[in-house]
Each structure stands twice: as structure tokens, then as C-alpha cells.
Amino acid sequence: MGASSCKGVADAQVGANNPVIIVGCSDYCDQIRTIWDGMKQHFIKAAVEFDFVLFTNYDRQVEALLGGHIDIAWNGPLAHVRTQKRTGGASLSLGMRDVDCSFVSRFIVRKKAGIIDLAGLKNKRLAVGTRDSPQACILPLQFLKSEGVALDTMDVTFFDRDYGKHGDTAVGEIEVMKALSRGDFDVGIVSDMMWQRALSSADVNAGSGEELEVLAAVKVPVFDHCQFDALPTLDQKKKDAFVETLFKMDFAKPEDRRVMQLEGIKEKWVRPREEGYATVRAALSAEPNVPFPPPLYTLENHPFKSFSVL
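Read in order, the letters of the sequence shown are residues 28 to 337 in our numbering.
Keep in mind that the hints are not guaranteed to be accurate.
[As the list claims (entries may be wrong)] Cut-off 25 Å, straight-line C-alpha distance, at most; resulting in silico cross-link-like pairs (DMTMM-like, lysine to aspartate or glutamate): (1) K138 x E174; (2) K266 x E302; (3) K205 x D189; (4) K72 x E294; (5) K266 x E90; (6) K205 x D144; (7) K266 x E76; (8) K266 x E294; (9) K293 x D57; (10) K172 x E314.
Please keep in mind that the hints were generated in silico from the structure rather than gathered at the bench.
Nothing here was measured: the structure is a model prediction, and the numbers come from that model.
Could you build the full structure based on these sequences and the hints that come with them?
Structure below.
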């Protein structure tokens, strides 16, 4: 979202004087308007004044929340942890989806590469997702570092797609699997969700290209994904109305189920928890606590044998 649009939100006088709950969300997919129009209708039916603002990237969304331009931010895991850091741990966690709990990353290998464990990654060609993707880049690479894998022996290529959306589009992960199937790389990193989708849709292992498999011996620690964040200054009436109405969404009701399924929910919204973000906090611990933080890996600063971005 551009600066003029953000100013428009500010002009709405977010706060106790304005009863409308304004939620910010990242514009990461074609059906995002359908999802949030449905959310808006759910709140309006509950007699809760509600509106939403779409942002082109999470960093700008975080700044809008901190600047008081929106009441609540629907944040991914990086944005959630950065919001907590920027507020000194004072921000409020309001809720998440059931699918956000215990998110899984996978190392996918070409069977012909002969890789059976972490030691086999030495001197290999690694394809990863977008540099700001927690599931397809940041956390798995942090895991390799913690396990003592010799990163300086690996040739690493990042598929930077929709940078700023923190991997939500998963386009980078799709490109990783395509490149592996072509034999361009030995190993790649994707989320288990995208791997399962590729298998079910026959986008991989369909008889053409290299056959791929999960590196079963490698278990990347699970983490939690999206979270609704607010500042501690959020008007109590707004907070209570938002939380109460959100958790009244009922998967058994067709109108609610349609919106929830589009948002990726299996059965329900769930109460917030923080233990699932420990690995994200560790990965971002050395990151500068500033607006619009720079990429963790750049051409000038990286631990790999070689670094490239496609």
C-alpha cells in the first residue's frame, strides 16, 4: 500500500473515538478481497462495525499498526515477532487459525542425488524459496546452522518471488520444486503443505523429470504461522468485540465455512499461543529492531559457498 493510502487510514481516526475496527491484512492471493469481504459481512451481521485495509507487504502493515493507522494486523510469523520486538513484548496476540499451529518445513531431494542425511548436503546445490519466507528459507537455514552443517560448502539459490509477503504466496516454493524436477539442484526447501499439494496435483513425480522425495532423516522444528496482533492501547471494547465475534464463526454454518475454507482453516479459529514462535525469535534475534529490516542474506553478507537470486 502506498503512502497516500496509508494516510487515508490515518484520517479515519483509529481509536476509541472511532467505533469501526480496522484490520490490516497482506494482499497475497487473488481471493483476498473475497475472504475479507466475507469477514466484514460476518462482523456486520454481529452488529460490529468493521473494515479492512490491504497492504502489499507485511513490513508496511507492521508500521501502520505501530503508527496507529489500523487497530489490528493479520500478521505472518515474521511480522508477529517483529511487532513484539518493536513494542518491547507489549503487543497483544488475539487469535490464529487451526492450521497455523505446528507448521512444517521439508527438505526435498532428487533421488538420484544420493542424499540420505544432513551430512549429504555438503557440496550440494540448494534451492530455497523467497528470502523472507519463514518456511522455505529462514527457519530451515537457521536449523542447518544450528546443526553444524557446513553452509560454506553449499551453492545456494533463492527464488525471490513476492518479496515482502513473507512467503505467503508460495510461488517461490513452486519454483523450487520445478527446478528440482528439472535437475537444476540437488535439494530444495518447501513447506509440507506445498509438497503435499504438488503430490496430489501431480506437479511432481508424474513420470516426467527427476523423481523427488522428502529427506526423511531431517526434522526441521515446527513453528506457528499467522497471528492477529494489536497494540496494548487498543480500546478494550474493540478488543472484546473483535475476539468475541471472530470466535463465533462456525464451520458448521455454510456462509462461515466458505470464508474459513478460503482462509485455509480446517475447522476453527483458535486462541493465541506463543510457544510456537520460539524458533522464529531465535532466527531474528540478530536482526536490527528497525522499520523495514533488510534481508537476512545479501550478496555482500552470507555464509554460503555461493549465493544467487532468481
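Evaluated hints:
1. K138 x E174: Status holds; Cα separation ~23 Å.
2. K266 x E302: Holds, because 22 Å separates the two Cα atoms, which is no more than 25 Å.
3. K205 x D189: 17 Å, holds
4. K72 x E294: The hint holds at about 21 Å.
5. K266 x E90: Holds. K266 to E90 sits at ~20 Å (cutoff 25 Å).
6. K205 x D144: 22 Å, holds
7. K266 x E76: 12 Å, holds
8. K266 x E294: Distance ~23 Å between K266 and E294 Cα, so the pair holds.
9. K293 x D57: 20 Å, holds
10. K172 x E314: Measuring from Cα to Cα gives roughly 16 Å; hence the hint holds.
Every hint, counting from the list given before, is met by this structure.
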